[in-house]
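Protein chains in written order, with my numbering: chain A, 1 to 309; chain B, 310 to 556.
Note that these hints are calculated values from the structure, not bench results. Hints may be right or wrong, so weigh each one.
[Stated by the list, open to error] Have a look at the derived ranges for each label pair, beta carbon to beta carbon:
#1 B:Asn551 / A:Thr118: 33 to 41 Å
#2 A:Arg19 / B:Ile483: 30 to 38 Å
#3 A:Ser115 / B:Leu429: 30 to 38 Å
Given the structure is predicted, the values throughout are model-derived calculations rather than measurements. Glycine included, each C-beta is placed from N, C-alpha and C at the ideal position.
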Amino acid sequence: MSNATISARNLTRSFGKRRIIHDLSLELKRGEVLGLLGQNGAGKSTTLQMLTGCLLPDSGEIDICDISLKKNPAQAKTHMGYLPESPPLHRELSVETYLRFAARLRGMHEDDIDSAMTDAIRRCGLESARRKLIATLSKGYQQRVGIAQAIVHRPDVIILDEPTVGLDPSQIRDIRQLIRELGNTGSVILSTHLLSEVESVCDRVEILQNGRLIYGDSSDHMQHYGEIPGFTISFGNPPALSELEKIDGVESVEQLSETEFRILHAPERNPGSQLLTLATERGWRLTQLTPIHATLEDVFVRITSENRS
Amino acid sequence: MIRLIAMREFRSLFSIPSTWLFLAGLEFILAWFFLSRLEAFLEIQPQLALLANPPGVTGTVGTSLFNTASLLLMMLVPMFTMRLIAEERRSHTLALFLSSPVSDAQIVLGKFAGLMLFLLLLIATLPLMLCTLSVGTHLDYGLLLSNCIGIALLTSSFVALGLYVSSLTTQPVIAAIGTLAALIGLWLADIGSPSAQAPWHQFSPLYHFQNFNAGLLDSRDAAFFLIFTVFFLMLAARRLHNNRIYG
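Isolated chain A (complex conformation) (with noise of 0.2 Å):
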């Protein structure tokens, strides 16, 4: 068996005369968590319906686990969990008789159901919830049923449309330690529009935007993606400004306010131990000294209208 646990290439997707999804590939790797990327409206949720077998692509070709989704579909949507942008859940059901019916449509074997119930819902934090009816819960709490009800038959592939939507901060601060802990063991597709879940839980990004990926990489080399090199420095008795645009290396000087200033420099050149001795030496009285780091959403915005131009 490859490595892949998921290899989609070139799906196409129109509704009506409009398409949505343009030649789309993407590869996920079995110990792999992959965010998919993209603003309302770009595709995401169409990517991962094709991905599940609920919608056919018009074109290309889904191998789940090497098995192919259009020619062995029963075959493959066994190595696959899923959780829909609604929850799918019967609200008539208690938590435990949801999770074995969920288990069994997988194909589960009988002797196997048990332990992977439990197992489930213990990793959902599901315990004081398994015997009540769905239709109680809170939203939250069918979220997370939403999440066991796709992990619950093990399988190899997980795919999560928006799985931390409606939870509280120490909700879904769990539930993405549960997806990393998911992806040591398979591989997760999670489709997001929150940019700190990227940043937190997966290994890989993929920018979709009017059905196209634009861009791939690991995301922490999306967090430098078009980085400006540089720190903002403040000082307790500050110089002038020739001063500092004549230390080696510094392209450029701004003052942002009397005692802080933006110092941009050649990528290769870091001016700052220099600057450190120049301000002791000179007694400017060094109060701050702060890496430029771009955020993720910065990244992100500039990505996304970069392709629009």
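Here the structure of chain A is known, so what remains is to put chain B in place on it, guided by the hints.
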């Protein structure tokens, strides 16, 4: 898988309060009707005894009970079929089935079997009521059997039609009204055409039930019910497949 979906459907029916209400209401009406027919039969029995070939209790009470039940089912089945797929779609649970390793045909057959099991239980009370009469008289079991087969086939055709209409929409209420309209339309096509030779009769499930009701097992009628049922089940499976194409 079919059994799993069927049992799921069957159990979920019992978790809805309105199911119990329908059950109680229907049983009450049928029992009431049964007793009133029985009373009428007892009243005219001395006169019937004077006839050369008098109709028995199965023929008078039984067939009219089944006949009434067939009309009641026509109105009740849409209430049960409306939820089958429309409700899954409305509460977004269809995705669970579509992303699971089950085919469209399995989903449709599972849903069909689950509801049929429930309705057959409901119908089973009809012969049970009549069998209580065997304490005091001799029953025509052949006629009873033909009625039972007929009403089971009739129900399956109603359910298949209802299942298909339910697969067309997101709103269960629209599915119910649509099914009811279709069934009443088919019924009217039958009773509305004056000539006995008119082709319209052939489209109506209730017309084909008449022979079963009279104790006549005709393979043409049985074939009609089977074709009708299979046709609409296939359409429903087709519609679910289209769900994956058109979203």
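Hint check results:
A hinted range of 33 to 41 Å holds for the C-beta pair Asn551 of chain B and Thr118 of chain A, which are about 39 Å apart. For Arg19 of chain A and Ile483 of chain B, the hinted distance range of 30 to 38 Å is satisfied, since their beta carbons lie about 31 Å from each other. Between Ser115 of chain A and Leu429 of chain B the beta carbon distance is about 36 Å. The supplied range of 30 to 38 Å therefore holds.
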